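Engineer: Okay, here's what each chain looks like letter by letter:
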Amino acid sequence: MDSIRFFQPHEGLSLSELAEQCGAELADSSLAGRRITGVAPLSRAASEEITFANSRKALPDLKKSKAGAVFVTAALSKEVPEGVASLIIAAPQTGFALAAALLVPDAMRPQTLSGHTGMVHPGALVDPSARLEDGVTVEFGAVIGAEAEIGSGTVISAGASVGRRCRVGRNCHIGPGVTLQHALIGSDVIVHPGTRIGQDGFGYAPGPGGLVKIPQIGRVIVQDHVEIGANTAIDRGALDDTVIGEGTKIDNLVQIGHNVRIGRFCVLVGQVGVAGSATIGNGVMIGGAAGINGHVTIGDGAQIAALSGVATDVPAGARWGGQPARPMQGVLRDAAEANARAFGRSKGRDGGQKK
Amino acid sequence: MDSIRFFQPHEGLSLSELAEQCGAELADSSLAGRRITGVAPLSRAASEEITFANSRKALPDLKKSKAGAVFVTAALSKEVPEGVASLIIAAPQTGFALAAALLVPDAMRPQTLSGHTGMVHPGALVDPSARLEDGVTVEFGAVIGAEAEIGSGTVISAGASVGRRCRVGRNCHIGPGVTLQHALIGSDVIVHPGTRIGQDGFGYAPGPGGLVKIPQIGRVIVQDHVEIGANTAIDRGALDDTVIGEGTKIDNLVQIGHNVRIGRFCVLVGQVGVAGSATIGNGVMIGGAAGINGHVTIGDGAQIAALSGVATDVPAGARWGGQPARPMQGVLRDAAEANARAFGRSKGRDGGQKK
Amino acid sequence: MDSIRFFQPHEGLSLSELAEQCGAELADSSLAGRRITGVAPLSRAASEEITFANSRKALPDLKKSKAGAVFVTAALSKEVPEGVASLIIAAPQTGFALAAALLVPDAMRPQTLSGHTGMVHPGALVDPSARLEDGVTVEFGAVIGAEAEIGSGTVISAGASVGRRCRVGRNCHIGPGVTLQHALIGSDVIVHPGTRIGQDGFGYAPGPGGLVKIPQIGRVIVQDHVEIGANTAIDRGALDDTVIGEGTKIDNLVQIGHNVRIGRFCVLVGQVGVAGSATIGNGVMIGGAAGINGHVTIGDGAQIAALSGVATDVPAGARWGGQPARPMQGVLRDAAEANARAFGRSKGRDGGQKK
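Chains as they are written, first to last, in the working numbering: chain H, 1 to 355; chain L, 1 to 355; chain F, 1 to 355.
Certain hints may be false.
One copy or any two copies: either way a pair holds, since identical chains are not told apart in the list.
In silico SDA-like links for lysine to any residue, alpha-carbon gap of 25 angstroms or less [stated by the list, open to error]:
#	residue 1	residue 2
1	LYS63	SER152
2	LYS64	PRO206
3	LYS64	ALA90
4	LYS57	SER29
5	LYS64	PHE7
6	LYS64	PRO324
7	LYS57	PRO206
8	LYS64	MET108
9	LYS66	LEU102
10	LYS57	SER277
Read the hints as simulated data drawn from the structure, not as lab findings. Quick caveat: nothing in here was measured; it's all calculated off a predicted structure.
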């Protein structure tokens with residue numbers, strides 16, 4: 001099955017074009033006209049492909065590379081084998097990402113099921129009171145609710161539903177089976193399949209005959225250039241709004257509670273949970289499956305390790321981890337002690353199979 | 001975009017009506033006729049809105065409030081500024097929840113995509129052998145399987161599927177894209193988008209050529225007044241049933257394994273996982289992302305902290321947390337010790353950004 | 001509602017047939033003709049039903065059993081009451097699973113909504129360029145994208161979407177609302193509702209104006225006999241493929257990152273997260289909600305405890321747990337110490353309700 005290709009091969013870009021558009025310097029200008037048609041990992045990039053080497057860990061593969069060109073740092077460029085063109089850049093992975101966007105442009109946004117865009121499928125339902133700009137794609141089985149508004153260039157994929165009075169901006173991709181309710185989505189937003197945005201937050205008060213539902217009357221605001229993974233859930237606010245800031249990237253199976261405010265350019269890795277009314281600054285990175293307590297504040301630029309549990313405010317720029325989360329230095333020391341105890345006493349017993 | 005309103009403003013209720021229906025006492029009876037049209041948080045409630053103050057933490061906002069009325073405890077009522085009506089009640093948040101249910105009734109159940117109810121959309125599929133009572137709403141793209149039964153007042157939302165022979169009671173809301181299989185759902189149940197109820201439990205036995213699937217022939221029983229969040233998964237029983245008791249509230253992205261029995265009026269917060277055959281009593285609260293081991297029993301009224309891992313039975317009324325879960329007193333002490341070590345040695349090093 | 005049956009009763013198999021087909025020995029050959037029509041747990045199996053007793057923990061129920069027959073080990077067979085036929089087998093649960101597959105064959109694969117198979121519903125959308133073998137079932141609201149290929153005997157359930165150029169083998173069940181993109185699925189694969197396979201992996205590089213998306217051009221390969229639970233997410237590879245090996249079983253709400261390679265006959269329990277580029281050997285078992293770090297390798301046959309966090313490579317055959325994960329002996333000792341501290345000091349205070 002290895003021959004199946006989901007993306008079209010590119011007709012090729014010259015190294016001078018790639019260098020210029022990706023902000024890199026071509027080390028050997030005599031190779032300016034070499035054509036590159038695709039991207040590949042360092043270990044198997046061929047003579048028409050471009051790749052990258054990010055650090056000295058890549059050296060063994062780099063020395064054997066047969067790639068057409070490689071993004072490298074100036075320091076690593078001495079190790080590039082003859083015949084491989086060096087594109088020198090401070091951040092080789094970023095250069096590579098930009099090159100890949102040029103060489104495989106179809107991968108920058110999810111594809112439609114038919115491969116076509118720009119029309120409303122007759123097997124979709126668009127409420128007569130909804131307003132669609134020109135050039136909206138609505139796939140089979142999707143439904144656009146009453147008084148909803150969709151901007152041009154946006155794709156509403158098969159089986160997705162856009163709730164009553166929701167707004168989706170321009171050039172968005174709303175994936176298959178996604179549901180939007182009480183949501184205002186900016187432009188250039190990608191939402192992967194099965195994600196749920198804008199359902200009721202989880203709020204109850206104790207009552208005489210059980211739990212009393214607290215009506216959730218806020219919204220979800222998703223700003224421009226946000227990307228949200230698959231099967232994630234973002235609840236709408238209780239009285240205020242839940243907000244996902246510009247350029248923030250959220251992975252799969254993430255839970256965002258009501259009233260959460262996430263700043264710009266944050267990264268939330270898979271299975272993170274953010275409890276209600278937490279406030280997360282700009283440029284915060286949260287590792288996989290970490291849990292953030294309700295009502296805490298995480299300062300700008302903080303980094304939270306995977307699997308940690310944040311119970312208190314985290315200062316700007318801090319690197320925290322563990323359960324309860326605390327500065328990483330303490331976490332690493334505690335882990336080292338646990339490992340010393342575990343491996344010191346038990347190695348060779350239940351620590352692994354003898355061969 | 002702040003002007004978009006997903007809910008209709010209410011024409012107004014008098015403070016005497018609100019006090020009576022919410023079980024509160026209006027401190028100044030001369031304000032009995034004041035009309036309230038909406039709800040808002042304490043920090044920004046205006047003169048036609050009602051709000052609440054739950055504890056002394058709310059004092060700064062309370063003292064500046066310009067709300068039309070506020071639910072407060074008797075103790076806090078002295079702090080209510082002139083012009084703001086006090087509705088005195090033991091549990092202000094509960095009073096507020098009841099008032100919100102009166103003032104924003106549309107928020108008590110998710111809305112339909114069209115804003116209308118009570119009809120089967122021609123773009124839905126209802127098997128000829130299914131039985132629908134009068135007044136069932138089936139939205140576009142939903143499917144009702146063979147011999148299924150749906151009670152009056154229930155909404156089956158866009159793209160949801162009700163499996164063969166399933167039953168859904170009256171006045172339920174089955175959200176967009178929800179799937180039911182082998183499930184019997186009571187009345188007044190809300191299931192938010194993308195939740196999966198009744199698929200096969202996860203059961204395999206070791207066999208000669210790999211794993212042998214153990215057929216899962218039980219059901220899922222969801223009792224009345226249950227609310228289940230988005231993208232949650234509840235497997236059907238292996239030989240017996242999986243049961244969710246009356247009035248229990250389950251949040252988003254929760255995993256309930258086969259044969260689990262959950263009692264009445266429990267609260268399971270987002271990303272909780274309950275492994276197969278666990279038994280959970282009545283009135284149990286389980287914090288976010290906690291994991292409950294298979295086959296354990298959690299007694300009535302127990303509270304399990306977020307992110308904890310319950311490996312053993314938990315007595316009724318206990319408050320447990322940590323991994324492995326144990327009485328909270330021990331967890332808090334261990335956390336305090338970890339924090340003392342971490343912050344005592346590392347503060348100002350990797351503990352935060354200096355400004 | 002207890003009388004509702006989702007499965008047809010079987011007309012009956014003789015004990016000699018069951019013994020032979022399940023690899024068990026019938027202790028009393030005079031019972032060879034006894035007919036069995038169903039399966040039930042030991043505690044309530046009746047005279048036409050078969051059950052199993054796996055260990056001495058089952059003794060109290062076994063001694064009272066009124067089952068028609070019971071799979072037991074030779075050691076336990078002495079305890080089987082008179083009138084109950086003993087089917088002696090080394091692994092009673094495996095025998096029972098095989099018997100259940102014979103007696104409730106409809107439970108071996110999810111049912112269709114209509115109860116019928118083998119046709120493309122007129123309310124489904126199959127792209128004219130897709131290729132379906134004979135005997136494919138496509139339910140209402142499902143969509144098969146351009147150039148996709150589906151093998152005979154496969155069911156594409158209501159509201160599922162098979163992306164452009166995807167391939168699904170023979171005798172698969174693709175559940176309601178499942179989405180496939182950039183995926184090649186083998187034969188005899190079951191995917192439960194709402195699972196997302198083949199969306200973009202989570203890859204960004206730091207750029208001048210925020211985060212730069214790294215195009216994800218790999219695929220997902222799911223080999224034969226895999227079963228995947230509900231609302232799970234499996235991302236496609238960045239440059240290489242994400243691979244799920246033959247016979248592997250994945251539970252609900254599991255997150256599999258890009259480039260992950262999972263071997264044959266593994267078991268991943270609910271809410272596990274496997275970060276990008278991790279490599280998991282054959283026969284690995286990963287307990288519920290465990291997190292596996294990116295780029296680590298887990299050796300063949302290793303077992304990872306529920307709720308643990310694997311940060312480093314795990315040797316073949318090892319049993320690890322905890323956060324960070326280490327050999328279980330250390331984990332159990334640390335847990336025992338934590339429990340001793342917690343219960344030693346606090347029992348009877350916040351450790352439980354006195355009655």
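Engineer: For every hint, state whether the structure bears it out.
Structural biologist: Cross-check of the supplied hints:
Taking CA atoms no more than 25 angstroms apart as the test, LYS63 paired with SER152 passes in neither setting, with 48 angstroms inside one copy and 48 angstroms between copies. Taking CA atoms no more than 25 angstroms apart as the test, LYS64 paired with PRO206 passes in neither setting, with 67 angstroms inside one copy and 27 angstroms between copies. Taking CA atoms no more than 25 angstroms apart as the test, LYS64 paired with ALA90 passes inside one copy only; the shortest distance there is 22 angstroms, against 53 angstroms between copies. Proximity of LYS57 to SER29 under the C-alpha cut-off of 25 angstroms is found in neither arrangement, the shortest distances being 27 angstroms within a copy and 67 angstroms between copies.
When the C-alpha separation of LYS64 and PHE7 is checked against a cutoff of 25 angstroms, the pair qualifies neither within a copy, at 27 angstroms, nor between copies, at 60 angstroms. Within a single copy, LYS64 and PRO324 get their C-alpha atoms no closer than 45 angstroms, and across copies no closer than 35 angstroms, so neither meets the 25 angstroms cut-off. For the identical chains of this complex, LYS57 and PRO206 are inter-copy neighbours only, at 20 angstroms across copies versus 57 angstroms inside a copy, given an alpha-carbon limit of 25 angstroms. In this assembly of identical chains, the alpha carbons of LYS64 and MET108 never lie at most 25 angstroms apart, being 30 angstroms within a copy and 50 angstroms across copies at closest.
Proximity of LYS66 to LEU102 under the C-alpha cut-off of 25 angstroms is restricted to the intra-copy arrangement: shortest distance 21 angstroms within a copy versus 56 angstroms between copies. Only between protomers do LYS57 and SER277 lie at most 25 angstroms apart by alpha-carbon distance; the minimum there is 15 angstroms, versus 41 angstroms within a single protomer.
Of the hints listed earlier, those the structure fails to meet are numbers 1, 2, 4, 5, 6, 8, in rising order.
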